[in-house]
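Fit chain B to the known structure of chain A by using the hints.
2 protein chains.
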Amino acid sequence: MLLHTIKEVREQIHKWRKDELTVGLVPTMGALHAGHMSLIKKAKETCDRVVVSDFVNPIQFGPSEDFDKYPRTLDEDVKLCEKEGVDIVFAPSANEMYGEGQKLSNDNLTYVCPPFFYVNTLCGKSRTGHFDGVCTVVLKLFNIVQPDFAFFGQKDAQQVIIIKKMVRDLNVPITIVQCPIVREESGLALSSRNQYLTENGRQDALVLSKILHNIKSCYKRGITEVNALKETAYNFLTNKHDLEYLEIVDKNTLEDKIKADNESIALIACRVEGVRLIDNIYLGEE
Amino acid sequence: MLLHTIKEVREQIHKWRKDELTVGLVPTMGALHAGHMSLIKKAKETCDRVVVSDFVNPIQFGPSEDFDKYPRTLDEDVKLCEKEGVDIVFAPSANEMYGEGQKLSNDNLTYVCPPFFYVNTLCGKSRTGHFDGVCTVVLKLFNIVQPDFAFFGQKDAQQVIIIKKMVRDLNVPITIVQCPIVREESGLALSSRNQYLTENGRQDALVLSKILHNIKSCYKRGITEVNALKETAYNFLTNKHDLEYLEIVDKNTLEDKIKADNESIALIACRVEGVRLIDNIYLGEE
Chain A
186 MLLHTIKEVR
196 EQIHKWRKDE
206 LTVGLVPTMG
216 ALHAGHMSLI
226 KKAKETCDRV
236 VVSDFVNPIQ
246 FGPSEDFDKY
256 PRTLDEDVKL
266 CEKEGVDIVF
276 APSANEMYGE
286 GQKLSNDNLT
296 YVCPPFFYVN
306 TLCGKSRTGH
316 FDGVCTVVLK
326 LFNIVQPDFA
336 FFGQKDAQQV
346 IIIKKMVRDL
356 NVPITIVQCP
366 IVREESGLAL
376 SSRNQYLTEN
386 GRQDALVLSK
396 ILHNIKSCYK
406 RGITEVNALK
416 ETAYNFLTNK
426 HDLEYLEIVD
436 KNTLEDKIKA
446 DNESIALIAC
456 RVEGVRLIDN
466 IYLGEE
Chain B
186 MLLHTIKEVR
196 EQIHKWRKDE
206 LTVGLVPTMG
216 ALHAGHMSLI
226 KKAKETCDRV
236 VVSDFVNPIQ
246 FGPSEDFDKY
256 PRTLDEDVKL
266 CEKEGVDIVF
276 APSANEMYGE
286 GQKLSNDNLT
296 YVCPPFFYVN
306 TLCGKSRTGH
316 FDGVCTVVLK
326 LFNIVQPDFA
336 FFGQKDAQQV
346 IIIKKMVRDL
356 NVPITIVQCP
366 IVREESGLAL
376 SSRNQYLTEN
386 GRQDALVLSK
396 ILHNIKSCYK
406 RGITEVNALK
416 ETAYNFLTNK
426 HDLEYLEIVD
436 KNTLEDKIKA
446 DNESIALIAC
456 RVEGVRLIDN
466 IYLGEE
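For the record, the sequence lines run as chains A and B.
Under the working numbering, the first residue of the first sequence carries the number 186, and numbering increases by one thereafter.
Under the working numbering, the first residue of the second sequence carries the number 186, and numbering increases by one thereafter.
There could be a bad hint or two in this list.
For identical chains, the list gives no copy identity; a pair is met inside one copy or between any two copies.
Within a straight-line C-alpha distance of at most 27 Å, the following computed DSS-like cross-link-like pairs (lysine-lysine) qualify [said to hold, decoys possible]:
{"id": "1", "residue 1": "K203", "residue 2": "K229"}
{"id": "2", "residue 1": "K226", "residue 2": "K268"}
{"id": "3", "residue 1": "K203", "residue 2": "K192"}
{"id": "4", "residue 1": "K310", "residue 2": "K288"}
{"id": "5", "residue 1": "K288", "residue 2": "K254"}
{"id": "6", "residue 1": "K415", "residue 2": "K227"}
{"id": "7", "residue 1": "K288", "residue 2": "K442"}
{"id": "8", "residue 1": "K229", "residue 2": "K264"}
{"id": "9", "residue 1": "K395", "residue 2": "K268"}
{"id": "10", "residue 1": "K405", "residue 2": "K395"}
{"id": "11", "residue 1": "K227", "residue 2": "K264"}
The hints are simulated quantities; they were obtained by calculation from the structure and are not laboratory data.
The shape of chain A in the complex, shown without the other chains (with noise of 0.2 Å):
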């Protein structure tokens, strides 16, 4: 069932709470793809009824982010979601969320700020405001829909630390899952800026993956200091690659590491063809 208001979004959840019926949110800015499929899958193991959200969030872009251009597919979104039994699309306008006319700035809005900490860092230091926007928008969907249980993807690794410890600091009664990344064969994570790069972009981008997958080998070999294995991500970028960041952190708090160990995370941002592209991977699971 597709629908487009909060009021509406609000009835059918009551109902089913009625019921005594769990239910599971799936936030995403639509152009679904496997990864998304694969939280809409673990969401309908996990809850008696599934709302996917599908809402590209303007506060979340910067002012010369692809905010005009990110993919917009709602009917394949919907066609998706219904072959995969999700019980509400919730696709809301923009002044559905924000309200008609609203200006949308910090001047205007009461917004939900993440810890300096989390958010001075990795993916925060090029996309100023990028994760008030996110926390923001997600608390405003738990809001509205009230769920058990809310399923993110462990891609975009910054943005799930940050929304669970919102959760903790905010006491928000709502269990945050964590699903892997999914990749095509070739190893890219998958994403839906992936359909921004050409078919040599695909090629380039899959040094991001390589990098992480090599880092993570050396790690097994008995590599532990960061700085060398972030120099052996050097072999594999071109000038087709422009690095924004490489960093080793612990996976729950973002802290720097010296020496890698089982908790550490491996994060990238590259730019390939302008399409900024990011990935991650555990140095410490199989």
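Quick look at chain B alone, frame taken from chain A:
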């Protein structure tokens, strides 16, 4: 019933929810007086079950403010609540609310940040970060108790406006009920901070309500120029009064007015014996 942990509160409320009982929350910092009791009475009238939170919230006090000396009278508070038929008094420790040993700053905690426009005026000008602290703890209490209704006093007018805005902006599924200011016969608005005052100070403090009532009666007699209305205050002020602000603004949006109208509110903040006191009055209502 006096409870100190989030877990106990949630368990009790879960039982009420199973019985389809409505829940009201009265957030307080304790030191309960007749102003709080009017909120509690309203909550008892409105809801099947009433929770009073009693927590002096560290993150809404500035470094030079009165957090340490703020009155703490839990035993008396509990007695007053029992007499009024309150079902739960929730009195958590700071560790329970913010985590054991957690440093209380934007570096480490997720904050709820109300819009700059609502914050950078009136009390917010002198109390940097105050309303971030208020919104954060209120949203936490909302998430812990998940009430149907929450009750706030008009005494803290800017606070209620900001909390209503937060509820709209973040789609919080709770109805905010605003209750009128309770005054002593002298006109003095009740406040936990009144107990800092000497007898002479209490006399000097009467000037706040006198100024506001005089502005209202001038308005009723046809004076609408905000500047002219504000000037009427100076007859009342002596060297015992350290005026922080006197403003006449829109009662819903806090927007400045040039001419007062029936949607206007007059607000004052003034120190007497070093004690910061606030008061306000609607111009358009009897």
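Consistency of the hints with the structure:
For the identical chains of this complex, K203 and K229 are neighbours both inside a copy (20 Å) and across copies (25 Å), given an alpha-carbon limit of 27 Å. For the homomeric pair K226 and K268, the shortest alpha-carbon distance inside one copy (11 Å) is at most 27 Å, but the shortest distance between copies (52 Å) is not. Taking identical chains as interchangeable, the C-alpha atoms of K203 and K192 lie at most 27 Å apart whether they share a chain (17 Å) or sit on different chains (24 Å). Taking CA atoms no more than 27 Å apart as the test, K310 paired with K288 passes in both settings, with 25 Å inside one copy and 23 Å between copies.
In this assembly of identical chains, the alpha carbons of K288 and K254 lie at most 27 Å apart only when taken from the same copy (21 Å versus 41 Å across copies). Taking the shortest alpha-carbon separations for K415 and K227, neither the intra-copy value of 33 Å nor the inter-copy value of 62 Å comes in at or below 27 Å. Taking the shortest alpha-carbon separations for K288 and K442, only the inter-copy value of 21 Å comes in at or below 27 Å, while the best intra-copy value is 41 Å. For a Cα distance limit of 27 Å, the shortest separation of K229 from K264 inside one copy, 16 Å, qualifies, whereas the shortest one across copies, 49 Å, does not.
In this assembly of identical chains, the alpha carbons of K395 and K268 never lie at most 27 Å apart, being 33 Å within a copy and 69 Å across copies at closest. Taking the shortest alpha-carbon separations for K405 and K395, only the intra-copy value of 15 Å comes in at or below 27 Å, while the best inter-copy value is 76 Å. Taking the closest pair of Cα atoms, K227 and K264 come within 27 Å of each other only inside a single copy of the chain (18 Å); across copies the shortest separation is 49 Å, beyond that limit.
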